[in-house]
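*Asks:* The hints should help you fit chain Y onto chain B, whose structure is shown.
First to last, the sequence lines map onto chains B and Y. Each residue of the first sequence is one higher than the one before, counting from 1 in this note's numbering. Each residue of the second sequence is one higher than the one before, counting from 1 in this note's numbering.
Some hints could be false.
[As the list claims (entries may be wrong)] Chain B is nowhere near these chain Y residues, computed Cβ spacing over 10 angstroms in every case:
1. P6
2. A107
3. E291
[Said to hold, decoys possible] Derived coverage of chain B by chain Y (criterion: at least 3 residues anywhere in the stretch with Cβ under 8 angstroms from a Cβ of chain Y; other residues may be distant):
4. 126–138
5. 243–252
6. 503–517
Read the hints as simulated data drawn from the structure, not as lab findings. Backbone N, C-alpha and C fix where the C-beta goes; we use that ideal spot for every residue, glycine too.
There are 2 protein chains.
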Amino acid sequence: MPSSAPLTGAQALVGTLADHGITACFANPGTSEMHAVTALDGEPRIRSILGLFEGVVSGAADGYARMCGNPAMTLLHLGSGYLNGGANIHNARRARSPMVNVIGDHATYHLANDAPLTSDIAAMAEPNSTWLRTAATPEDAGRMAAEAWQASLRAPAGPVSLILPADVAWLAGASIPERLTAPVRPGPDADAVERAARAVRAARNPALLMTGTALTGPGLRAARRLAGAGVRVLFEFFFPGLERGAGRYAPERMQYFAERVVQSLDGSDVLVLAEARPPVAFFAYPDHPCELTPDSCEVISLGGPDVDTTDCVVQLADALGTPDTGGAPVADLVMPDAPVGELTMQSIGLSISRHLPENAFVSDEAGTSGGPTWVATASAAPHDWMPLTGGALGQGLPVALGAAVAEPDRKGLCLVGDGAAMYTSQALWTMAREGADVVTVVFVNRSYRILNIELARTGAGAPGPTAQHLLSLSDPSIDFAALASSMGVPSTTATTAEGFDDALAAAFADDGPYLIAAEIA
Amino acid sequence: MPSSAPLTGAQALVGTLADHGITACFANPGTSEMHAVTALDGEPRIRSILGLFEGVVSGAADGYARMCGNPAMTLLHLGSGYLNGGANIHNARRARSPMVNVIGDHATYHLANDAPLTSDIAAMAEPNSTWLRTAATPEDAGRMAAEAWQASLRAPAGPVSLILPADVAWLAGASIPERLTAPVRPGPDADAVERAARAVRAARNPALLMTGTALTGPGLRAARRLAGAGVRVLFEFFFPGLERGAGRYAPERMQYFAERVVQSLDGSDVLVLAEARPPVAFFAYPDHPCELTPDSCEVISLGGPDVDTTDCVVQLADALGTPDTGGAPVADLVMPDAPVGELTMQSIGLSISRHLPENAFVSDEAGTSGGPTWVATASAAPHDWMPLTGGALGQGLPVALGAAVAEPDRKGLCLVGDGAAMYTSQALWTMAREGADVVTVVFVNRSYRILNIELARTGAGAPGPTAQHLLSLSDPSIDFAALASSMGVPSTTATTAEGFDDALAAAFADDGPYLIAAEIA
Numbered sequence: 001m002p003s004s005a006p007l008t009g010a011q012a013l014v015g016t017l018a019d020h021g022i023t024a025c026f027a028n029p030g031t032s033e034m035h036a037v038t039a040l041d042g043e044p045r046i047r048s049i050l051g052l053f054e055g056v057v058s059g060a061a062d063g064y065a066r067m068c069g070n071p072a073m074t075l076l077h078l079g080s081g082y083l084n085g086g087a088n089i090h091n092a093r094r095a096r097s098p099m100v101n102v103i104g105d106h107a108t109y110h111l112a113n114d115a116p117l118t119s120d121i122a123a124m125a126e127p128n129s130t131w132l133r134t135a136a137t138p139e140d141a142g143r144m145a146a147e148a149w150q151a152s153l154r155a156p157a158g159p160v161s162l163i164l165p166a167d168v169a170w171l172a173g174a175s176i177p178e179r180l181t182a183p184v185r186p187g188p189d190a191d192a193v194e195r196a197a198r199a200v201r202a203a204r205n206p207a208l209l210m211t212g213t214a215l216t217g218p219g220l221r222a223a224r225r226l227a228g229a230g231v232r233v234l235f236e237f238f239f240p241g242l243e244r245g246a247g248r249y250a251p252e253r254m255q256y257f258a259e260r261v262v263q264s265l266d267g268s269d270v271l272v273l274a275e276a277r278p279p280v281a282f283f284a285y286p287d288h289p290c291e292l293t294p295d296s297c298e299v300i301s302l303g304g305p306d307v308d309t310t311d312c313v314v315q316l317a318d319a320l321g322t323p324d325t326g327g328a329p330v331a332d333l334v335m336p337d338a339p340v341g342e343l344t345m346q347s348i349g350l351s352i353s354r355h356l357p358e359n360a361f362v363s364d365e366a367g368t369s370g371g372p373t374w375v376a377t378a379s380a381a382p383h384d385w386m387p388l389t390g391g392a393l394g395q396g397l398p399v400a401l402g403a404a405v406a407e408p409d410r411k412g413l414c415l416v417g418d419g420a421a422m423y424t425s426q427a428l429w430t431m432a433r434e435g436a437d438v439v440t441v442v443f444v445n446r447s448y449r450i451l452n453i454e455l456a457r458t459g460a461g462a463p464g465p466t467a468q469h470l471l472s473l474s475d476p477s478i479d480f481a482a483l484a485s486s487m488g489v490p491s492t493t494a495t496t497a498e499g500f501d502d503a504l505a506a507a508f509a510d511d512g513p514y515l516i517a518a519e520i521a
Numbered sequence: 001m002p003s004s005a006p007l008t009g010a011q012a013l014v015g016t017l018a019d020h021g022i023t024a025c026f027a028n029p030g031t032s033e034m035h036a037v038t039a040l041d042g043e044p045r046i047r048s049i050l051g052l053f054e055g056v057v058s059g060a061a062d063g064y065a066r067m068c069g070n071p072a073m074t075l076l077h078l079g080s081g082y083l084n085g086g087a088n089i090h091n092a093r094r095a096r097s098p099m100v101n102v103i104g105d106h107a108t109y110h111l112a113n114d115a116p117l118t119s120d121i122a123a124m125a126e127p128n129s130t131w132l133r134t135a136a137t138p139e140d141a142g143r144m145a146a147e148a149w150q151a152s153l154r155a156p157a158g159p160v161s162l163i164l165p166a167d168v169a170w171l172a173g174a175s176i177p178e179r180l181t182a183p184v185r186p187g188p189d190a191d192a193v194e195r196a197a198r199a200v201r202a203a204r205n206p207a208l209l210m211t212g213t214a215l216t217g218p219g220l221r222a223a224r225r226l227a228g229a230g231v232r233v234l235f236e237f238f239f240p241g242l243e244r245g246a247g248r249y250a251p252e253r254m255q256y257f258a259e260r261v262v263q264s265l266d267g268s269d270v271l272v273l274a275e276a277r278p279p280v281a282f283f284a285y286p287d288h289p290c291e292l293t294p295d296s297c298e299v300i301s302l303g304g305p306d307v308d309t310t311d312c313v314v315q316l317a318d319a320l321g322t323p324d325t326g327g328a329p330v331a332d333l334v335m336p337d338a339p340v341g342e343l344t345m346q347s348i349g350l351s352i353s354r355h356l357p358e359n360a361f362v363s364d365e366a367g368t369s370g371g372p373t374w375v376a377t378a379s380a381a382p383h384d385w386m387p388l389t390g391g392a393l394g395q396g397l398p399v400a401l402g403a404a405v406a407e408p409d410r411k412g413l414c415l416v417g418d419g420a421a422m423y424t425s426q427a428l429w430t431m432a433r434e435g436a437d438v439v440t441v442v443f444v445n446r447s448y449r450i451l452n453i454e455l456a457r458t459g460a461g462a463p464g465p466t467a468q469h470l471l472s473l474s475d476p477s478i479d480f481a482a483l484a485s486s487m488g489v490p491s492t493t494a495t496t497a498e499g500f501d502d503a504l505a506a507a508f509a510d511d512g513p514y515l516i517a518a519e520i521a
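The following block holds chain B by itself, in its conformation from the complex:
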């Protein structure tokens, strides 16, 4: 609530963010953030959670936002804390996850002394911030906190940076401002909808490519209507979150590899975009195209992240006159038999499909290993799926942690490759500490398998011993079960399909975090 009491800058900042509905702060503070820490001490509306590395902190805030739609606060220690959190802030920018990063800095008058931890925080943070300010006085703190909250939700939603110098945090004279309102995304331009509807009607093979909020409830219901009317409905390979599983309409996921995208879109004559962008290659390859839309295909955008994406899809369905319920079929619940024999990506997919709890969330950073699970769970109990978004490894475990904080009553599943798991394994410790109800499956194939594939695809030549050495995770093998246990997460190693199936069932039956190291054949 507004206050003109003699608050410190830190108290005004924390109180303002709490007033705006922020309920979690993921933090790794240092000396320059001590007043923010004690301000959090006095703010019961915010749950403060320690990460032992800032990539955990920022990735958890991403997972929190992807699950509940609201930003969390992070508390980061100067430029180096920002850098450590930076890769997952990049991922969050690509997920369009709102996030209020509060970055402590030296006291304003101390910056010129260039003490060892001094760096140009604003320059480093700017590229991955949709909004960035530095509070220069305690009076700034509350007002800028409110603006930061609002900016994080303004299209395109994403991570914002508020730099809080230590003296601004500790000085009194700050106050809590009136609440700002959440930005509202307008509907699509009526002309664009009409143009798209006309083109779809005239097309032989019309397709819709969507992402963002269209991948949840109302958007999917509208997309289903379109699919029933003959529109091929696709969604981007990387997306913030998708509601899927039994009873839900399943649009088609865009391919990952560029040549498969080209193959898939061959013959499409109209491509309507809802928040999505025309498909491009994830990486460039010698002598292969990067822009993947067929030359003969007309592309019509209903709007980018600045408009209400769900409304785009609804209005297109309305304009086409499709019935306002029903449409393409929804998935039936399929309960596969328990797999037996070798532990493979496929058998893991079957086990997960069997045991995935209803209304679970899935954080997927399993890279090359996760495909069969994606396929198998199309007919599992209804669940939410959150993949890697920005391509920077280390997102999966922290996202699962943050999602569990946002939705403590739901079960979580984290699928992670061994390479990715080693980036931010510290998330396991926070899962243990906070009782995060997440079962983590590490696909242990002892390599950056995607890079072994990419090495050939880029035409870089046959890998000699040095290249093999740089792409392998063997020698020594990592014992992921022991790694998890060392941080307080109970764990086991599975080496057979039966063993994995039993372990997974038991893990979901219990509360709290658990890790299964899946040694796949």
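*Replies:* Positioned in the frame of chain B, the structure of chain Y alone reads:
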């Protein structure tokens, strides 16, 4: 050697760096670096070493440079790889460690497509790079690699960034240029030396504050002459490396906490600086000064990192007419008795002093726990000491790894706090893989103890449950011995002084990495 063969950009880059004496590449490559990986495959002069997280990669390059004075190459995957390595690049900048960071990027023509991993690498890397270029064509690659090598060694030495787009790496038409010469740092300005000598002669309590290369062989010998002539010789609290132990002259380390620096310098009337800067507080505190030189003290600089710091000290000693050998006493070898009873910071210091192998290197990121070891080892066998430099946690383990790569015939000791160890614990895996001869001691006190001290010092108030939660590493306790073993590093946990002493002796007697989790009372 120079070549006009039809090399790819990646081959020219790697060959040029090898020609300039670079012998190690610490890497975590991705798809955009595959041609660099196969170029390394064909370059036997460079040892390629995988880190499972880029903070390991950059920290190891720092340790390599601090040990041998030459830059290593790193290979980083786009902007997110740079961000992950960024905190230790910050630390390396503060250590003035030369380092050639090669940052892969998307193909030049693909950048405009803004694929998910695209980011503004140059903007993010600029603040911690002493030199930054982007190779725009294959013809740039060799020339810029040579320039990068030279720039990394040019005062102030430090990390340089060479951005290598994927197409520049894979296209042919590159060549290897003539070798450039290493920059030479000139001696100090003669007037500055004369002014300093006059001031020292006239002073009652003259002091010299130095850092950088003056902390090794010839610099320390000259400093010893000055000390013998009545100059108080100090060195900065954070420094790249110091030769110390039995048989060596031990100058005085500057205090860490600001008020102790003020106390220590009280009465100094002349402060001569050699590469060092006038002392400032590491952090600002309410109502405490940040600039710590006494008002009445005359400050005379012999030069910054742009001049030859050793030569500064030698010339000052010459100008003062001090004898050109001898001076203050050197440390005698002291072999303490084996400690017994409780395992404490003090008993650990005694054990390390007893067992530290001659010519060992020590990487110290033990924070509040390391002080007694620093004191106890003043009379241990001669060794090199490398502390944290930039204040960003996670430097200790990677620096020890890189130092072991640079000096495989020397024994290494890594002292690390439990908080710091969790930042870049992946370094243990690379230590195991590469057979790094490093004994790591983790001081397990289950807290960010420095922050518990700083909380009081900043006047942020008494810590309530939330603040305590954010500064504690307990609940759950981390089993560091199990963590190390999970990554292939043999380990033990010590809980008594006798147990630690035995474990340390055994660890140094063996080759290869070992970790002792020291549960201190």
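*Asks:* All hints are to be evaluated individually against the structure, with a verdict given for each.
*Replies:* Hints and how they fare:
1. P6: Since the minimum Cβ distance to chain B is about 15 angstroms, Y/P6 lies beyond 10 angstroms and the statement holds.
2. A107: The assertion about Y/A107 is violated, with a minimum of 4 angstroms to chain B.
3. E291: violated (7 angstroms)
4. 126–138: holds (count 3)
5. 243–252: violated (count 0)
6. 503–517: It is violated, with 0 qualifying residues against the three required.
Hints 2, 3, 5 and 6 from the list above are not met by this structure, while the remaining hints are.
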